[in-house]
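> Line order of the protein sequences matches chains A and B. Letter 35 of the first sequence, counting from 1, is numbered 35 in our numbering, and no numbers are missing. Letter 111 of the second sequence, counting from 1, is numbered 1111 in our numbering, and no numbers are missing.
Hints in this document: simulated from the structure, not taken from any laboratory. Careful: at least some of the hints might be erroneous.
Heads up, simulated DMTMM-like pairs for lysine to aspartate or glutamate below, C-alpha to C-alpha not over 25 Å straight-line [stated by the list, open to error]:
1. B:Lys1088 / A:Asp134
2. B:Lys1281 / A:Glu81
3. A:Lys137 / B:Asp1315
4. B:Lys1282 / A:Asp134
5. A:Lys137 / B:Glu1237
6. A:Lys158 / B:Asp1315
7. A:Lys158 / B:Asp1086
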Amino acid sequence: MLLCSPDRVMFKSGERGIYSDMNLQALLMQLLSGLSSGMLIYLIAVGLSLIFGTLKVFNLAHGAIYMLGAYLCVWLTSSFEQIPGMFWWAVILGPFLVALFGGLVEVVLLRRIYGWHFMYEFILTFGLILIISDLVKILWGGGFHSITYPWPLNGTVKVAAGTFPLYNLFLVAVGVSIFFGLRALLRYTRLGKVIRGVTYNREIMSALGENVPAVYTVVFMLGCWLGGLGGALATPLVAVTLGMDTTVIIQCFIVVVIGGLGSLTGAFIGALILGLLDAFGIMVLPQLTIAFGFILMAVILIVRPYGLMGRREYE
Amino acid sequence: MTKKNLVGFLVSVILILALVLSLVGVFSQPVAAASKKPILIGHLHPLTGSFAMFGTACATGIDVAIDEINLGGGVLGRPLKVINRDTKISPSVGLREAKDLVLSKKVDFLMGNISSGVALAISGFAKEAKVIYVVTGSRSTKITEDKGHRYVFRIGANEFSRVSAVAQLAAEKWGDKAKRIVMINPDYGYGHACANYFKEEYGKRVSGIEVVSADWPKLGTSDFTPYISKFMASNGEMLFHSLYGGDYLSFVKQAVPAGVYKKFYVVGASCGGTETVCEMKKTDPAPLGEILSDEFPYWEIDNPKAKEVAARFMDKAGTSYASYESVLGYTSVYALKDAIEAVGAVDTEKIVDYLEGREIDSPIGKVKIQAIDHQALWPPYAGTMAFTPDYPWPHITDIWYPHPIEKVYHSPEYIKELRKGK
Chain A
1 MLLCSPDRVM FKSGERGIYS DMNLQALLMQ LLSGLSSGML IYLIAVGLSL IFGTLKVFNL
61 AHGAIYMLGA YLCVWLTSSF EQIPGMFWWA VILGPFLVAL FGGLVEVVLL RRIYGWHFMY
121 EFILTFGLIL IISDLVKILW GGGFHSITYP WPLNGTVKVA AGTFPLYNLF LVAVGVSIFF
181 GLRALLRYTR LGKVIRGVTY NREIMSALGE NVPAVYTVVF MLGCWLGGLG GALATPLVAV
241 TLGMDTTVII QCFIVVVIGG LGSLTGAFIG ALILGLLDAF GIMVLPQLTI AFGFILMAVI
301 LIVRPYGLMG RREYE
Chain B
1001 MTKKNLVGFL VSVILILALV LSLVGVFSQP VAAASKKPIL IGHLHPLTGS FAMFGTACAT
1061 GIDVAIDEIN LGGGVLGRPL KVINRDTKIS PSVGLREAKD LVLSKKVDFL MGNISSGVAL
1121 AISGFAKEAK VIYVVTGSRS TKITEDKGHR YVFRIGANEF SRVSAVAQLA AEKWGDKAKR
1181 IVMINPDYGY GHACANYFKE EYGKRVSGIE VVSADWPKLG TSDFTPYISK FMASNGEMLF
1241 HSLYGGDYLS FVKQAVPAGV YKKFYVVGAS CGGTETVCEM KKTDPAPLGE ILSDEFPYWE
1301 IDNPKAKEVA ARFMDKAGTS YASYESVLGY TSVYALKDAI EAVGAVDTEK IVDYLEGREI
1361 DSPIGKVKIQ AIDHQALWPP YAGTMAFTPD YPWPHITDIW YPHPIEKVYH SPEYIKELRK
1421 GK
């Protein structure tokens, strides 16, 4: 795999970061980094897309749901430190609690405004951001929280001549598994078939005797579970802090716009493109880092306004 | 009662209660207080969001100072009082709150802030309204230099002094070994200023330096993996960054396992003080050996008052660490108190004249306020990150700052030159 000798000067570049001599090793590392960044965003964005696809609600609070998942995971892990492998229990339990919270939100609040003007959804979900942020601040304070890499993923793996953290590879694996898992769920299970049916035509499914409101609750909970899982799995990698939701939600918006609102495959492809674009973009034009995602989004909106995998109705 | 009536009833009960309570508030003010009207300080800082810990830390310092002063009889017989306002890291919100504090709450002084953009917005208003504004946590040199004016002061270091201190220490320790530099700085005013100052200050002392790559992640970035893999594949020897707060914590968590701290000599402007590193445990990936600056390393400061005041802050805030923001807020309140007592009145113009060029008292010793730009010559302590037995979190050790302290702040001549064109 390694074509260039590792001790060779890997690139000669000025401050502008334009590489005159790229080598395969550097490219491979960027590829892995891009994949891992993309998959972390995918885990969060897919929940947003799933909820929009079925409920037609654009959940602005999805970032806050991610933050809640992260805080719960950190809190569970550090409160029960003595239990070996507590992080993994927290990864199971935390997103589950987030899903329950999501269910409560759907039944008590969201259910009342389906079919109203979309402005009401924005106001309600924006209000949820404020409520969740303050709730988190009251429960866990305004400081930073951090937990360490869990056993057995605290090592690194040798990739060609470099090393890469094992945990990032694990994230890639989780992202891919969730992608295929969701596809299988929607395609082969009865629940999946009902969800798809409700997505296409709510009235007919209702007339066929399906309990549509219950399906909505389940889908919203599943979306929140995915957001919470993204938060929980991000905790070893990032600092858990108030406001961690804002950066992530913007990236999620970019991903779903690129991929097509409501399309799960679109979210996967969008996240991959965004992750890889960021990773390779900084090799070529580091001073434009902030703009990459937005430039990509603008191009997609011009060329294909309904996203790569989206349907025209959301144009 | 129908549902609608019930809601209406509840709303009216709440409204009546609110009215009654506010009237009680109006009438319960003691009559004697008229002659003892409190001296008001308007404190502006982020109190929510990812910078909330800095704002609350500053509020802690202000509270401790005010408690002490009021217990001792106040200032000129009048008590001190603080009104806290959340700036939400937004210049427009900061400006609105500052205006409200001055125009409707009639505060005598403005204080605080971490975001330089917000501080500049408030400073512009302070100039117009002729109200003293003491900046604590904002680090942009613009506040006191290019855009400095009669009513703005900064008690705390600035980005130039921070970077100059770490650059000098790095040049002394690693100058002969590290010439090729990779940089990663947040893409906004502070990050760009730090990158430029480091190039200048390190380049002045080490010949033949070359910036191999410069990266500009967005402020608030949490996934640094692509940046880390990029500079791990480079031929750089030194890494300079100005990441702080949550960004810094995320960076360290990802950089240590990737071997960044083995490959590079790491230098940072400031990681954001103890409130940032306090969550790092001895078993976590830690930035050991990194050169950083901190404005209140009370664990090593050779002044008994530093540790004593730190203990009071920890007590008040219920934390295991004392923050530099606390000591800056604390010192600012005392500086105003001393000035008011010296001039014998809450007279803005006289207080400004008094503070210009004055040596003020602080828990770290005497600190001089430069007359030309109202910048306190606060020592930007530089040191090497390590764990010590007494503290559960990593912190800078072997602290040092350049002597004389004037050397790490821009000289009056430089500032005059800078302001000439304007």
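> Output the numbers, in ascending order, of every earlier hint that fails for this structure.
4, 5, 6 and 7
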